[in-house]
Amino acid sequence: MERRAYYKNKTLPWLLIAPQLILVLVFFYWPTTQALFWAFTLEQPWGGGNSWVWFDNFLAIFRDREYWSTVLRSGFYAVVVTAISMAVALTLAAFVDRALKGTKLFQSVFVWPYAIAAPAAGVAFRFIFAPESGLVGSINEIWPGVWNPAINGVHALAMIIICHAWLGIGYNFIFFLAALQMIPRSISEAGAMDGARPVQRLFDLQLPLIAPTFFFLFIINLISSFTDSFGLIDTMTEGGPVGSTEVMVYKIYFDGFKGLDYSGAAAQSIVLMILVIALTFVQFKWVEKRVHYN
Amino acid sequence: MIERSPIFDIVTYAVMILGLFVVIMPFWITFVAGSQSLTEVSQVPIVLWPSTHLFENLQEAWTRADLGPKMLNSFIVAVGVTVGKITLAALSAFSIVFFNYRARMVCFWMIFITLMLPLEVRIVPTYSIAANALLPFQFILDNLGITWLIQSLSGIQLSLEWNLLNSYPGLILPLVATATGTFLYRQFFMTIPDELVEASKMDGAGPMRFFFDVLIPLSRTNMLALATILFVSSWNQYLWPLLITTDRANFGTVVMQLKALIPDQNGLPDWNVTMAGALIIMLPPLLVVAFMQRWFVRGLISRDK
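Protein chains in written order, with our numbering: chain A, 48 to 341; chain B, 108 to 412.
This is chain B alone, in the form it adopts within the complex (with noise of 0.2 Å):
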């Protein structure tokens, strides 16, 4: 701090509070009339304080729902994007950095521009493609002749499918399809000593040795960083859920659920049970980051520089 003005001071007050009160006031909102009756819940002007039916509202809109299975499925999907990226980041960083042969610039740059195009501008294509995870491989099959060879050797049609339609695998994968992380650590791999490549080397250890004992204890805490943005990114995915899922019964997330709980046009306004279910939904991701937030705020901001 530089100048002590108190004027000044009381001005930085007011605009913090003033910017409280901005982003304070939806979670409030959503929590006062998740605690409202229906008939309180429904005057105007609205009551701005607390009431007492919390918990009931808390109740029917997790039955109503069903959030309950859909809990676990959206836990299931959250750990599966963030388990699977970290692991994937982690060993691609270490063969581009850490080994030399010729095509790792050209690996690099596969995995790098997976960054421009984000799963919602490609939707289309990437639901047809989960319809069939295995077109590619019959592609590559077909134009090689396999195909023809099999069929005219042993007479059968050879025809892969994987369908990935109402299946975890299909709810995580093409989420992990993109390099996040990725650079976060090659840039701290690159940050390593070329002399504990050699100390360990010296030591007799091996290439995975020296990953799993020496570089991914170095890496906890942006492993830390990372894990918790991409679990919040993954709870809070919506739409490419919404495409995957037709079973919405076994595998709907809570995002997802969230469109049920709105009143209709012509039933009950019953907005009290449906901020309820947005409380519940909204908690997971905001308690990771409130508790995570010293090392999520370094993951962010070295993810993207």
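Same shape as in the complex, but just chain A (with noise of 0.2 Å):
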């Protein structure tokens, strides 16, 4: 939409809007570009400045089998939550969608999972899922030791999953909610009338009709869980045990103020930055779509 009356002001816009850009440059392109830079070059040694190594760093973590382990690590994890997450939330919303008397308070309690931080939820999760004690650990009681997020990587990496996935529930909810309520009554009861059951219903009529919600939902959680999983990963499991919770955020943030490598942390956050600009290409394309078919 073009607007056709405007302010005819030379400086004006440029300061209205010069804060934003300032503030962009520095802290968004700048970082970016240093990162692009650092992935190309290394630190010498003794303070011998900069040289410029092309690919090596790049070489270097594709050659480290570490790496992609946790490169996989991070994909399992993010498919994993994403599709747990999803799964809960739609079904959630399906139902209060019926609209039957009391659902008001439901709605209501199923989107206060958004507003935990991470690591708050990871500290709950850790005590539920404690061996020693907490709700799970009542198991330990029957099979002693059956479960041990402390020392089996499997456990480990389950907690956080579950965790992670429980954190989503209350967004996912929200968008599913109003997609589902943006569809005609209507449309639902000549289904109803051709003899569709609600099941069957919410598979052949909503689903597809929410189906542009549905997929920007599911590139938006594969972001989130590949970038937000530090918090949740730092207070329950540290990386740990052995590396079996290491993903690639964790990563970046252990080798580059850890491990003070910062060509390798910068090369290692190219390779996300290109994974979430894909996903985020993936999204535009898809809206972009949606838009051509109304």
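Hints are computed from structural coordinates only; laboratory data are not their basis.
Beta carbons are placed, not taken as given, at the ideal position from N, Cα and C, and that holds for glycine.
Check before you lean on any hint, since a few could be wrong.
[Said to hold, decoys possible] Taking beta-carbon pairs under 10 Å as the criterion, some of the chain A residues facing chain B (in silico):
{"id": "1", "residue": "GLN154"}
{"id": "2", "residue": "SER180"}
{"id": "3", "residue": "TRP194"}
Combine both chains into one complex, guided by the hints.
Right, here's the structure in full:
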């Protein structure tokens, strides 16, 4: 939409946009460029300055088996977190959409996880899943040693995945409910008259109609599972036991700030950036298409 | 509701109660454990009913993690990020929508692209810029030869430095530097009819007058929606405050303090105090979301589409 009525002024629009531009240049574009620069250089030991090493840093991380297992683990983590969180949220939204008495209360409670800081949830879930106490620890009373996230990497990863999926319920729920409620009632009624049962209507009518929301959430969830896992991992396992819960963001933090390997961390950052940008692009392309279909 | 089948109604309630259980359980356990004594919290199987020690645990967590000043820091950061983002978003959207200048779309895209990369994926270089926020300006001056010029004229070596580590600007500014909100405002401003602009012009009002007297009052609900989500997300920040503050005593935020409350491997397993601390830290954003639900849902949904 083009606006016909404008203000004609030479300097004012620049003054208005300048604060945001400066902030974005200093804290977004400069660091991003810096990361790119570091990824291709190597800091010389004993203060010898930088030397341009082309793709050596990338080759180094790609030749590292540990890095590949971190990448695969992150991908697995993202997909499983997304699947669980979206499935739970969609189920809840589909039932709340039926709007029986008292659903307002349920509706507002289902949003709560959105408000919780990842480390706070991490601490709570760590207690819940603690092997010696908590809720799950009771199982160890019956079968000693059956559950121990402090030693067993699979248990530790499962614990973090469940917590991350729980945190995502609120956000996904809001979007699913809004999308479902935007479907005209008459469509569902027509489906019902044709004899479609509620579950059938959900899969054959409602889901195709909310496909754009579904896809949008899928991408957003993937991105946030890649990027937002730090707080959980740091409070729950610190990447352990023996690296079994280390994902890409955590490794960047660890190599960069604990290992002081800026070049390696920068190369890893670039890989993660490319991944996130690719996902974002897919999302925009889809949104564009949707606009054409309408 | 389309069909009335008692069995399906029962299924609906059953699923919702199950959902309620899944969503509330972590909150309930946090609350219950936070109210128990050390012996009660260490019991196996766990007792799922609150006890009487809530206030002493809250007090213990509060003093042990020094939550008073951290609470204040968290509020300063959350309010700072919220106000900063909303202000910048409103101003830049106003500039992009209501003025006609050639570079407008370039500016728009430059701001838009920032949504693609969350802070988490560029922490290492962002940290280095926070150590000296004037680095880009030094770079520009160096490459324009201005540093050299000043040095040869006056003999003074120009080196700009503004260290943001352990400071509120360092905690706040990098979080403000993305475009969240700019699009909400842009979309809203584009729905403002041209007639309103023309009418205000005819009344002799300049652009800033129009901005403050017409646009800002009209966008009040958008602002509330945006404020809610921004407050929650900045309160809940963890990685950035962790990096930027080495002086935890003075500049730590509450969410960072949680880790300090986790019982040691070999220490006392006083999860009751940990959970009481978690309760305190969860509460402010939860209250904001609970009270602002109507607006906040609006903000979320219109933000990302």
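- Hint status (Cβ of A/TRP194 to nearest Cβ of chain B, threshold 10 Å): For A/TRP194, the interface hint is violated, since the closest Cβ of chain B sits about 12 Å away, which is over 10 Å.
- Task: Grab the minimum C-beta distance from A/SER180 to chain B and call the hint holds if it beats 10 Å, violated otherwise.
- Result: Constraint on A/SER180 satisfied, holds at 6 Å.
- Query: Should the interface hint for A/GLN154 be scored as holding, given a Cβ-Cβ cut-off of 10 Å against chain B?
  - Reply: With a minimum Cβ separation of about 9 Å from chain B (threshold 10 Å), the hint on A/GLN154 holds.
Of the numbered hints given earlier, the model fails hint 3 alone.
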